[in-house]
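Chains V and F are the protein sequences, given in the same order.
Under our numbering, residues 3 to 184 are what the first sequence spells out, in order.
Under our numbering, residues 65 to 247 are what the second sequence spells out, in order.
Rather than coming from a laboratory, the hints here were simulated on the basis of the structure.
Since the structure is predicted, the reported quantities are computational estimates derived from the model, not experimental observations.
The beta-carbon is built from N, C-alpha and C at its ideal position, and this holds for glycine as well.
Incorrect hints may appear among the rest.
As the list claims (entries may be wrong) - Computed spacing ranges between beta-carbons, pair by pair:
id: 1; chain 1: V; residue 1: Leu-171; chain 2: F; residue 2: Tyr-174; range: 37 to 43 Å
id: 2; chain 1: F; residue 1: Thr-237; chain 2: V; residue 2: Gly-99; range: 48 to 54 Å
id: 3; chain 1: V; residue 1: Trp-68; chain 2: F; residue 2: Ala-228; range: 19 to 25 Å
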Amino acid sequence: MDIRPPFGTVGSPYLTVRKLGLHLSIKINKALALVASHLKLRLAEAHASPRLRDSPCLTHCDAPQWSPRASSQVFAVAFALLAAGAVILTLNVLLLGGHIIFFQSLSLLGYCLFPLDIGALICMLKDNVIIKLVVVSVSLAWSCWAAYPFMSSAVNPRRKALALYPVFLMYISVGFLIIAID
Amino acid sequence: MDPIQPPVENYANPKTCFFHVLFKGVALAFYILSALFIESFVIIFVVTVFLAAIDFWVVKNVSGRILVGLRWWNEVNDLGESVWKFESLDQESLSRLNKKDSWLFWWSLYLTAAAWIILGIFSLVRFQADYLLVVVVCLTLSIANIIGFTKCSKDAKKQFQQFATQTIASHVTSTISSAFSVV
Numbered sequence: 003m004d005i006r007p008p009f010g011t012v013g014s015p016y017l018t019v020r021k022l023g024l025h026l027s028i029k030i031n032k033a034l035a036l037v038a039s040h041l042k043l044r045l046a047e048a049h050a051s052p053r054l055r056d057s058p059c060l061t062h063c064d065a066p067q068w069s070p071r072a073s074s075q076v077f078a079v080a081f082a083l084l085a086a087g088a089v090i091l092t093l094n095v096l097l098l099g100g101h102i103i104f105f106q107s108l109s110l111l112g113y114c115l116f117p118l119d120i121g122a123l124i125c126m127l128k129d130n131v132i133i134k135l136v137v138v139s140v141s142l143a144w145s146c147w148a149a150y151p152f153m154s155s156a157v158n159p160r161r162k163a164l165a166l167y168p169v170f171l172m173y174i175s176v177g178f179l180i181i182a183i184d
Numbered sequence: 065m066d067p068i069q070p071p072v073e074n075y076a077n078p079k080t081c082f083f084h085v086l087f088k089g090v091a092l093a094f095y096i097l098s099a100l101f102i103e104s105f106v107i108i109f110v111v112t113v114f115l116a117a118i119d120f121w122v123v124k125n126v127s128g129r130i131l132v133g134l135r136w137w138n139e140v141n142d143l144g145e146s147v148w149k150f151e152s153l154d155q156e157s158l159s160r161l162n163k164k165d166s167w168l169f170w171w172s173l174y175l176t177a178a179a180w181i182i183l184g185i186f187s188l189v190r191f192q193a194d195y196l197l198v199v200v201v202c203l204t205l206s207i208a209n210i211i212g213f214t215k216c217s218k219d220a221k222k223q224f225q226q227f228a229t230q231t232i233a234s235h236v237t238s239t240i241s242s243a244f245s246v247v
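Could you put the whole structure together from the sequences, leaning on the hints where they help?
Okay, here's the thing in structure tokens:
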């Protein structure tokens, strides 16, 4: 309906409709702005700890801070993931009929984690998600490239992929930890 | 050797005995007391595990050799396989070792492992998975040393078997006699 009311005097019905239209558009704009700001905050919270998501902190919070409880959980999770992962990966190669020495493999998987450590350090300095993605991808590729010769030479060639896939998976999960955590 | 009472003679290697007990004690004490004045779990984890690792090294490389004349290690042989080696001094040198030293060596190993098990049970009951992780790491190191040194001590193996059969035998006979006395 395209009613273009002429400039009416105060009190005329056309002006009332136009005022309503203005009010409506202002309201819609306000609502959209509110949704946009909530969305931004939600995205920011998704990078932070799961505990902070529970708190009803949408419009008046500062950037999410780490609680000591959450950082200890992250540390324990990372430690347990890497320790258990290294043991399980070594057992995997042994069960595939490969020839490796248990402790040598544990040490090597630890050493090959070093590029991801550097990546994590760099990500700590810069908070931008794009930079984090790039840095983590590069260091992940480097780690996998480093672990590849050792792991592939330990098993017979037909089972190479079976031995290598879990190694890459573990390093990818460490990469996710680095990206997802502020 | 009476397993309950320490022998009467003096320590032959007091400094080694001191270091043998020192790092175990500091690791346990730090873990137990740190909750009172340290907020950061990461610090507690790192310091406790570091102390436990130092203790593992001291026991395996220094006090095991000096106090009880035993050593164990891992090698990679020419075929590329890993081989575990367990060695002890010859019988004559073993008998010349100080009894008090070896009593202290073994009892501190067992008591430390028992203490870590108890602390692990506490953290299980409180559902503290991250403290349980610390306990598991320290317990692994303690048990590794106990297994390693027990394997290379035939004497300790014999004593442990005797103790176990004695305990089980006395337990069984006392249970049976009490059962019959009730009837």
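Checked hints:
1. V:Leu-171 x F:Tyr-174: 37 to 43 Å: holds (40 Å)
2. F:Thr-237 x V:Gly-99: 48 to 54 Å: holds (51 Å)
3. V:Trp-68 x F:Ala-228: 19 to 25 Å: Roughly 50 Å apart at Cβ, these two residues miss the hinted range, so it is violated.
Hint 3 alone, counting from the list given before, is not met by this structure.
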